[in-house]
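Generate the whole structure from the sequences, applying the supplied hints.
Chains as they are written, first to last, in this note's numbering: chain A, 32 to 524; chain B, 760 to 829.
Don't read these hints as lab results, they were simulated from the structure. Please note that the accuracy of each hint is not assured.
Unchecked claim - A few chain B residues that don't get close to chain A, going by computed Cβ distances all over 10 angstroms:
| id | residue |
| --- | --- |
| 1 | Q762 |
| 2 | T764 |
| 3 | E765 |
| 4 | G769 |
| 5 | C770 |
| 6 | T771 |
| 7 | V773 |
| 8 | K778 |
| 9 | N782 |
| 10 | K784 |
| 11 | Y790 |
| 12 | L810 |
| 13 | L811 |
Unchecked claim - For each label pair, taking beta carbons as the anchor points, the in silico distance ranges come out as:
| id | chain 1 | residue 1 | chain 2 | residue 2 | range |
| --- | --- | --- | --- | --- | --- |
| 14 | A | S281 | B | I766 | 43 to 53 angstroms |
| 15 | A | G156 | B | T771 | 17 to 27 angstroms |
| 16 | B | D776 | A | A51 | 51 to 61 angstroms |
| 17 | A | I73 | B | N775 | 18 to 28 angstroms |
Said to hold, decoys possible - One-sided and incomplete, this derived list gives chain A residues near chain B with beta-carbon spacing under 7 angstroms:
| id | residue |
| --- | --- |
| 18 | A159 |
| 19 | H219 |
| 20 | M229 |
The beta-carbon is built from N, C-alpha and C at its ideal position, and this holds for glycine as well.
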Amino acid sequence: MAIRKDANTLTATERAEFVAAIQELKAEGIYDQFVLRHANAIMNAIHRCPAFLPWHRRFIFDLELELQRVSGNPNLGIPYWNWPSGGANASMWDDDLLGGNGDAGGVVRTGPFRSGQWTVINSSGLPAGPLMREFGQNGLPTLPTQAEIDQVMAVTPYDTSPWNMNSNPSFRNQLEGWIGPNLHNRGHVWVGGSMLPMTSPNDPVFFMNHCMVDKIWHEWQIRFPNQGYLPANGGPFGQNLTDPMNNTPSGQVGSRPIDVLDSAALGIVYDGAVVPPPPPPPPLIIVGAAPIPADIATAGETDVFRFEVPTFGPHTMFTTGPSDTFMTLFGPNDPNVEVTSDDDAGDNFNAQIARNLSAGTYYLRIRLFSPSATGNYAVAVRSEGAPANPVPELVVNGASIDAAISAANESDVYRFNIATEAIYTIETSGTTDTFMTLHGPNSQIPEIDRNDDGGVSFNARIQRQLSPGEYFARVRHYSPIGTGAYSIRVTQG
Amino acid sequence: MAQHTEIFEGCTIVINDTKLTINGKEIDYQYDAAKDKFSSKYMPYTLYGSLLELARAIAKNSVEFSHVQE
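Here is the structure:
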């Protein structure tokens, strides 16, 4: 758990620990890797766009993990720069934390990151001189006030088309600073010098600035729990809810906006922040029951529902009513794994998804097509009876089944029967990077094992002791957008 | 500003019609018609009122071009 505190409230010990951890990462070369990750990202893919907030949340989260590693303190959090009390005379600029303003030429000559002690790098990773600062000298002489932060905190929706610096109304665009009172950008421009170009993480205050940005987003999410990330679909690639974000590596958490929406799930705690109660589970839709009335009462709101599928079979998820709804299906058993989405397959601009579903819990996220619209609708799920495509059976020590992941997010399910308790191996073969989960006995819901690359090359392989019963193997591509052919078989031993 | 050449912060800025170079390197930039401002990937947090103003900011602050010594 990372405990993020106001930089101006840190004790001397906390300041020393943070500075030492930053310096250690610099000595290891890790810090400069973060500078390059930001500097070499596509500027318009991480700024001036919806992914601005999730991209930087993941970025500072990753640095925080490194700070925790080198400090040995699993609770070390990046301090946040509380702008209203963070002006030039604030204690965060003292010599035991960030050091102060630059000299007449802009060169920082005080504190732990002063000239001679700290060298910035350019976007090629080459040394490029000392750290530079020019407080308030680049056209923005003051920092954001609490009233300005409060003003931005009231803005909804999260973002809107055209998903850039002209988006309005847009909480993201106001917080980033292209419209409204200018919060995040002002932090960069007020410091000036090394905080102005894409190599701005060269100045450690970059992370404190973005920690403050992230804190504001976190508090906004608590204030507006039904205002989801936008765009869910239909925006530029890299900006949608389940798109991989630019220049974001695989890591402890995923690289999509949806993977970082919940700060609490990432173990992040802000001092003094309102701790939200655990959210209630989404309303349950009973399969086959009458449609549940609902509404999008405020623009940009997203409603979430869940439903249970006891056995594999064809199902139809649909909305009715006068609103132009957009529906996204997630699952099974994971509200962040997108299956598919639909806009107008139903009657009169209603959304409808017809799909074979394996057993498990599924989630529907429903919004209106227009992020600025409000309106009523109803939602229901019905089972279409007998399975259109029964679950194929694998015979232990029998022939392989040839199959393919033919569409993004597709997964295939197989069943096999174990008559004698023993060790069994379930594995794929071929050139596709498969990922496999094993479920059972006698149910598709409990997951008992999973594997990515335990087989030959990028194939999945699970070997374990199995008691008698029916088991289910689910195979998908490792990449949410990957496709390809593979074979699967089960052998004893 | 059809053509302009100057030395700023030790960098040679050349603006030829809509083409901007600094020390011979062509600089990608964007013009936002809605805001009537110029911006560049080199300076992601600021919009500038003219191409020359943008060029001077890049020359001064981008570590790819600045010449500040220890």
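Structure-based check of all given hints:
Residue-level check passed: Q762/B sits 27 angstroms from the nearest beta carbon of chain A, beyond 10 angstroms. For T764/B, the condition that its CB be more than 10 angstroms from all CB atoms of chain A holds, with the nearest at approximately 23 angstroms. Every beta carbon of chain A lies more than 10 angstroms from that of E765/B, the smallest distance being close to 20 angstroms; the non-interface claim holds. No beta-carbon of chain A is positioned within 10 angstroms of the beta-carbon of G769/B; the least distance is around 12 angstroms.
No Cβ of chain A approaches the Cβ of C770/B within 10 angstroms, the least distance being about 14 angstroms, so the stated non-interface status holds. For T771/B, the non-interface assignment is confirmed: its Cβ lies about 18 angstroms from the closest Cβ of chain A, beyond the 10 angstroms cut-off. Remark: the non-interface label on V773/B is consistent with the geometry, its nearest Cβ contact in chain A lying 20 angstroms away (cut-off 10 angstroms). Chain A leaves K778/B outside its interface by the beta-carbon criterion, the shortest separation being 20 angstroms against a cut-off of 10 angstroms.
No beta-carbon of chain A is positioned within 10 angstroms of the beta-carbon of N782/B; the least distance is around 13 angstroms. At roughly 13 angstroms, the least C-beta separation between K784/B and chain A is larger than 10 angstroms, which holds for a residue marked as non-interface. Every CB of chain A is more than 10 angstroms from the CB of Y790/B (nearest about 13 angstroms), matching its label as outside the interface. Distance check for L810/B against chain A: the nearest CB is about 17 angstroms away, which clears 10 angstroms, and the non-interface claim stands.
Even its closest Cβ contact with chain A, about 15 angstroms, leaves L811/B beyond 10 angstroms, as expected for a residue assigned away from the interface. Taking the beta carbon of each, S281/A and I766/B are about 46 angstroms apart, inside 43 to 53 angstroms as hinted. Under the hint 17 to 27 angstroms, the C-beta atoms of G156/A and T771/B, about 25 angstroms apart, fit the expected range. At about 52 angstroms, the beta-carbon gap between D776/B and A51/A stays in the expected band of 51 to 61 angstroms.
Remark: the range hint 18 to 28 angstroms for I73/A to N775/B is upheld by a beta-carbon distance near 27 angstroms. Given the 7 angstroms rule on beta carbons, the hint for A159/A holds: about 4 angstroms separates it from the nearest Cβ of chain B. Interface restraint check for H219/A: the shortest CB-CB distance to chain B comes to about 4 angstroms, inside 7 angstroms, so the restraint holds. Nearest Cβ of chain B to the Cβ of M229/A: about 6 angstroms, under the 7 angstroms cut. The hint holds.
The structure shown violates none of the earlier numbered hints.
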